[in-house]
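Peer 1: Keeping their order, the protein sequence lines are chains R and Y.
Residue numbers 1 to 120, in the numbering used here, belong to the letters of the first sequence in order.
Residue numbers 1 to 245, in the numbering used here, belong to the letters of the second sequence in order.
Be aware that a few hints might be false.
[To be verified] What follows is a set of in silico ranges between Cβ atoms, one per label pair, in the way DEER data are often shown:
no.: 1; chain 1: R; residue 1: Pro12; chain 2: Y; residue 2: Arg157; range: 15 to 25 Å
no.: 2; chain 1: R; residue 1: Ser39; chain 2: Y; residue 2: Lys79; range: 29 to 39 Å
no.: 3; chain 1: R; residue 1: Arg78; chain 2: Y; residue 2: Leu67; range: 25 to 35 Å
no.: 4; chain 1: Y; residue 1: Leu71; chain 2: R; residue 2: Ser39; range: 18 to 28 Å
no.: 5; chain 1: R; residue 1: Tyr99; chain 2: Y; residue 2: Pro24; range: 33 to 43 Å
no.: 6; chain 1: R; residue 1: Glu107; chain 2: Y; residue 2: Trp13; range: 46 to 56 Å
[Claimed, not checked] Only pairs whose alpha carbons sit at most 20 Å apart, straight line, appear in this in silico SDA-like list of lysine to any residue:
no.: 7; chain 1: Y; residue 1: Lys189; chain 2: Y; residue 2: Gly143
no.: 8; chain 1: R; residue 1: Lys59; chain 2: Y; residue 2: Ile66
no.: 9; chain 1: R; residue 1: Lys83; chain 2: R; residue 2: Ala94
no.: 10; chain 1: R; residue 1: Lys83; chain 2: R; residue 2: Lys42
no.: 11; chain 1: Y; residue 1: Lys23; chain 2: Y; residue 2: Glu64
no.: 12; chain 1: R; residue 1: Lys83; chain 2: Y; residue 2: Gln35
no.: 13; chain 1: R; residue 1: Lys42; chain 2: R; residue 2: Lys59
no.: 14; chain 1: R; residue 1: Lys59; chain 2: Y; residue 2: Glu31
no.: 15; chain 1: Y; residue 1: Lys23; chain 2: Y; residue 2: Gly57
no.: 16; chain 1: R; residue 1: Lys33; chain 2: Y; residue 2: Gly57
no.: 17; chain 1: R; residue 1: Lys44; chain 2: Y; residue 2: Gly50
no.: 18; chain 1: R; residue 1: Lys59; chain 2: Y; residue 2: Ile74
no.: 19; chain 1: R; residue 1: Lys42; chain 2: Y; residue 2: Gly57
Hints were generated in silico from the structure; no laboratory data involved.
Note that this is a predicted model, so its numbers are computed, not measured.
Just so you know, even glycine gets a beta-carbon here, dropped at the ideal spot from N, CA and C.
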Amino acid sequence: MPSKEANGPLTPAVLHILLALSTRERHGYGIMKQVQADSQRKVKMGPGTLYGSLSRMIKAGLIRESDRRIDPEMDDERRVYYKITGLGQMALAAELERYREVVEVAEHKRLSPEAFAHGI
Amino acid sequence: MEYEPSIRRYRFWYAKLLRLYSKPFRERFGEGIEQTFNDLLRECAEEDRGLFGCALGIFVETSEGILRENLANIIAQNKRLIGIIFAAALILLVPLVAMQFTEEVNWDLFDFAFMGALLLGVGLTYELAARRAGTMAYRAAAGVALAAAFLLVWLNRAVGTEEDNSAGLMFLGVLVAGIGAIIARFRPKGMARALLVTALAQVLVAVMAMIAWQQYVEVLILNAFFVALWIGSALLFRRAARQHG
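Whenever a hint applies, use it, and build me the whole structure from the sequences.
Peer 2: Spelled out as structure tokens, the structure:
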């Protein structure tokens, strides 16, 4: 059953996982690498955080396990792949919209990271 | 690969660590987590980073995850139980705070222990009843009966400690009769009968109290209130019995 997690705002871990799965299905290690790449290595997720988040996201209906099991790029070991669901796509879109609105407000107020470099 | 034996050894211990996850979690994600651990260690080895440091870091991070997951499970499974304990503690704070401002409230340790046990007893009994029955009528009936029992014991204790009050003990007698009936039959039909009997006993107590005290209005109002609660609960149990079939 979709939970409050699906209605956002999303936690940073959930947001990054949804972003990583937005373009293709990935297995656990693949998600970790993509999150690292998307965040320019600023976000590092260990297995404890990753699989705890995956469990909650499956319960919330944001992602689901895929039928795919083999990663030809890595080896022939069986792997569990995860894919984003329709609800997950909607939650991601809503979260990105929230971010856009915040950035818009900041731009309207002519705020930028540089504006705070020397204090207000 | 020269690092494979080391990875196998770390993986062996990592599998042991994963046993600390709950069984459903482990069955669903255990294989995936182990595989990810394997991938991360291979990455470390290929990048010439110390295998021991990498493994240790993942062990620590996973242990945190296990702790978080198990804590969330405990809270989710016992949400209402934890709520009852918090509510009881919160109610006990009221006299504790009042004691700091007025001398009219003067509870000793026994008072707090008694009220705490009473609140927890009522809360836990309700929780048991709620878990046992699925119907709203049953839950409401149990709630009303427990509220009446709580008020009776509380009144009895409040009056009984101030002065010797044998009439107060009669109120307790009614309660014991009710509890005895509840223990005898926990099914809705039996409960309805038991609470009707309790209401009748309450009427008898009222008559006896009026004769003994010669205070008609006060005794009548107080007992009518409790009789209404017992009968209300009995009717709700009867409705639950009909729904139960």
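Peer 1: Each of the hints needs a verdict: does it hold here or not?
Peer 2: These are the hints, each one checked on the structure:
| no. | hint | result |
| --- | --- | --- |
| 1 | R/Pro12 - Y/Arg157: 15 to 25 Å | violated, 52 Å |
| 2 | R/Ser39 - Y/Lys79: 29 to 39 Å | holds, 34 Å |
| 3 | R/Arg78 - Y/Leu67: 25 to 35 Å | holds, 29 Å |
| 4 | Y/Leu71 - R/Ser39: 18 to 28 Å | holds, 27 Å |
| 5 | R/Tyr99 - Y/Pro24: 33 to 43 Å | holds, 34 Å |
| 6 | R/Glu107 - Y/Trp13: 46 to 56 Å | holds, 51 Å |
| 7 | Y/Lys189 - Y/Gly143 | holds, 16 Å |
| 8 | R/Lys59 - Y/Ile66 | holds, 18 Å |
| 9 | R/Lys83 - R/Ala94 | holds, 18 Å |
| 10 | R/Lys83 - R/Lys42 | violated, 23 Å |
| 11 | Y/Lys23 - Y/Glu64 | holds, 17 Å |
| 12 | R/Lys83 - Y/Gln35 | holds, 18 Å |
| 13 | R/Lys42 - R/Lys59 | violated, 27 Å |
| 14 | R/Lys59 - Y/Glu31 | holds, 19 Å |
| 15 | Y/Lys23 - Y/Gly57 | violated, 24 Å |
| 16 | R/Lys33 - Y/Gly57 | holds, 17 Å |
| 17 | R/Lys44 - Y/Gly50 | holds, 18 Å |
| 18 | R/Lys59 - Y/Ile74 | holds, 17 Å |
| 19 | R/Lys42 - Y/Gly57 | holds, 17 Å |
In summary, the structure is inconsistent with hints 1, 10, 13, 15 from the numbered list given earlier, while agreeing with the others.
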